[in-house]
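Novice: Listed below are the residues making up each chain.
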Amino acid sequence: MSLSAARPVITVYGEKNEPSGTTCSLPAVYKAPIRPDIVSVIHHEIAKNHRQAYAVNQDSGHQTSAESWGTGRAVARIPRVRGGGTHRSGQGAYGNMCRGGHMFAPTKTWRRWHRKVNVAQKRYAMCSAIAATGVPALVMAKGHRIENIPEVPLVVSDKIQSYNKTKEAVILLRRLKAWSDIEQVYNTKRMRAGKGKMRNRRRVQKLGPLVIYANDQGLTRAFRNIPGVDTICVDNLNLLKLAPGGHVGRFCIWTESAFKKLDALYGTWRKASSEKKNWNLPQPKMAQTDLAKLLKSEEIRKVLRAPNKKIYKAVMKTNPLKNTRAMVQLNPYAVVQKKNAELLAAKRLREKAAVKAKKAGQKPAPQPNVKRAAALAKKGKAKKGKGKK
Amino acid sequence: MPDKKLPSVPETILKRRKRQAEARAQRAKTVVASQRARRVKRAEIFQRAEKYVKAYRKQEQDEIRLKRDAKKNDGYYVPAEPKLAFVMRIRGINQVAPKVRKVLQLFRLRQINNGVFIKLNKATINMLRICEPYITWGTPNLKSVRELIYKRGFVKIDGKRVPITSNDLIENTLGKRGIICVEDLIHEIITVGDNFKYASNFLWPFKLNTPTGGWRKKTNHFVEGGDFGCREDKINNLLRTMV
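Same order as they appear, the protein sequences are chains D and S. With positions in the first sequence counted from 1, the corresponding number in my numbering is that position plus 75. With positions in the second sequence counted from 1, the corresponding number in my numbering is that position plus 1078.
Because the hints were derived from the structure by calculation, they are not lab data. Be aware that one or more of the hints could be misleading.
[Said to hold, decoys possible] No more than 27 Å apart at the CA atoms, straight line, and that leaves these computed lysine-lysine pairs for BS3-like:
(1) D:K414 / S:K1132
(2) S:K1285 / S:K1238
(3) S:K1136 / D:K414
(4) S:K1136 / D:K413
(5) S:K1096 / D:K377
(6) S:K1221 / D:K414
(7) D:K385 / S:K1234
(8) S:K1129 / D:K413
(9) D:K384 / S:K1238
[As the list claims (entries may be wrong)] Computed beta-carbon distance windows for the label pairs:
(10) D:N398 / S:Y1134: 19 to 29 Å
(11) S:K1129 / D:A449: 31 to 41 Å
(12) D:R380 / S:S1112: 15 to 25 Å
(13) S:S1112 / D:N398: 22 to 32 Å
(14) S:K1132 / D:N398: 20 to 30 Å
(15) D:K458 / S:G1256: 35 to 45 Å
(16) D:R380 / S:Q1137: 45 to 55 Å
(17) D:K422 / S:K1129: 48 to 58 Å
(18) S:K1129 / D:N398: 17 to 27 Å
(19) S:Q1104 / D:N398: 33 to 43 Å
The beta-carbon is built from N, C-alpha and C at its ideal position, and this holds for glycine as well.
Make the full structure from the sequences, and use the hints.
Specialist: The following block contains the structure:
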């Protein structure tokens, strides 16, 4: 069960990628159920919240006093511009089909841009997102180059919180073998495809690691110029940063104190969160999610019925009145019946022949098996005699 | 000092072996038991078939004897009203009056040249009268019944039309009514027994050929030189040409 899920020990790494000697047990958030569906939905809702409104000018297409000419003038009934002396006079106006008219459904600024999301849902998504950063497969699937980092989740000592120089930050990332992720960022720097280019979104690049700290003593300034790297304080974790694009599994680098705060922030199932009001980790729907293990387990196997491996093939129907074997299968007495019918027919033929022979004055043909029958009768009599004695 | 053991067989494989051995033993036992049961059943079917053959012959001879005795004593023998009828639909499905259509549906005669066995009582005789121009019927003899069931016998299992290839099909459905083989089925139909309803309904309506040699005149009653209506025992002649 989730409540008794084993919590392994995570080593904290020093600046030189050596185990610093301190360890930390994995916060319970990492065992929360990973729900990419919830993360995706909540991410998309939250992402709507930093939109800026856009709309067409509310006057567009209406800065005329056009009036329809009505019927009877051999023209379409669209409102037309009054007056004369210019090209514009008599032209159609107002309609979305008219040149210089308003657009269909002019966009308004009071469109509902932002979305309200339930707090519990937001927290659920956060827990899922954090849990997903602890699964190396998911992080690699997201595209981060983490083949050589020492551990997932990657926790570094608090010394990095007081970095001031970008050089130090770069050396750290190199030592931690996280630099290949940054190199990937460099490799993916390109021009955006599409109109975004002329809308101040010219360049695109991949996202790199997310550095999460508890106390900013210069860390943001050290890391901010490294392409792809984001920094965030553990108190204000952001789903848009932890699961960019709605996809879970961002590569995160934690500082020791930030990592230790997670239990207090999100709670363990035993103890509710102390920082968030009325929040404990979400309960998983399945306690055991290893499907292969479940299907092979004794408890499930014992209750299943034996597999139906028998293949029922259709039997070809043969006419029992013609096919003796089919007849015997349905009626075992048929053998006797047929034999009796045969014997009876033979007997009648013999009788007929005998009558004919008598008429013609000849001797009738001898009965078959007469000698045999006589011998058997004798034997039977002898036996009976013996038995009586 | 801990000794290094050789890798033993994993527990799951041992469990599987044990499970399969038990299953094999169980299967062998059930096979033996089922074989014994089948042998006993075969013997029972044999006995029943023998008994029926004797019963049919006896019945036939009894009828003949009663007729002869009555004649000898200057009396009259009135044979019992027939209990069994074989009804066949001889007209197609278009332009049928609603009442007639419903009765034909109730008789399960939904297609031309379909035939069913019907128990004769006041109710069914009146129903036959309603749809008279669409059907021909009569009293089938043993040979007709046998031929129909053996050659054209299909059976309703799970709502499906299944050919009679084995007595198991019959036993599985009608076993609880004492009918375990084809001969039992034939016997139940001929001597309209207590379970005639179930036996007859178990049989899918017979799909017969058009008669070799043709019809006389489908649009007239049999007594007028046509084909529809009751033709009593002449139905057997017709069935010889249609089965």
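Novice: Each hint: holds or not?
Specialist: To see whether the hints hold, each was checked on the structure:
A C-alpha spacing of about 16 Å is found between K414 of chain D and K1132 of chain S, which places the hinted pair at or below 27 Å, so the restraint holds. Of the supplied pair hints, the one linking K1285 of chain S and K1238 of chain S holds, its CA atoms being roughly 15 Å apart against a limit of 27 Å. A hinted pair counts as satisfied when its Cα atoms are at most 27 Å apart, and K1136 of chain S with K414 of chain D qualifies at roughly 20 Å. Straight-line distance between C-alpha atoms of K1136 of chain S and K413 of chain D comes to about 19 Å, which keeps the hinted pair within the 27 Å bound.
Taking the CA atoms of K1096 of chain S and K377 of chain D, the gap is near 14 Å; set against the 27 Å cutoff, the hint holds. Only pairs whose Cα atoms come within 27 Å are accepted, and K1221 of chain S paired with K414 of chain D is accepted, the gap being roughly 18 Å. Simply put, K385 of chain D and K1234 of chain S have alpha-carbon atoms about 23 Å apart, close enough for the 27 Å limit, and the pair holds. For the hint pairing K1129 of chain S with K413 of chain D, the CA-to-CA distance comes to about 16 Å; that is within 27 Å, so the pair holds.
Annotation: proposed proximity of K384 of chain D to K1238 of chain S holds, straight-line Cα distance about 23 Å (limit 27 Å). Separated by about 23 Å at the C-beta atoms, N398 of chain D and Y1134 of chain S satisfy the suggested range of 19 to 29 Å. Checked against the given bound of 31 to 41 Å, the beta carbons of K1129 of chain S and A449 of chain D, roughly 33 Å apart, stay inside it. For the hinted restraint 15 to 25 Å between R380 of chain D and S1112 of chain S, the CB-CB distance of approximately 19 Å keeps it satisfied.
As the Cβ distance of S1112 of chain S to N398 of chain D is approximately 26 Å, the hint placing it in 22 to 32 Å holds. For the pair K1132 of chain S and N398 of chain D, the supplied restraint of 20 to 30 Å holds, since their beta-carbon distance comes to about 26 Å. Between K458 of chain D and G1256 of chain S the beta carbon distance is about 41 Å. The supplied range of 35 to 45 Å therefore holds. Taking 45 to 55 Å as the suggested C-beta distance range, the pair R380 of chain D and Q1137 of chain S conforms, at roughly 49 Å.
Evaluation of the 48 to 58 Å hint for K422 of chain D and K1129 of chain S yields a failure: the beta carbon distance comes to about 24 Å. Distance hint for K1129 of chain S and N398 of chain D: a CB-CB separation of about 25 Å, consistent with the stated range 17 to 27 Å. Look at Q1104 of chain S against N398 of chain D: about 37 Å separates their beta carbons, and that is inside 33 to 43 Å.
In summary, the one numbered hint that this structure violates is 17.
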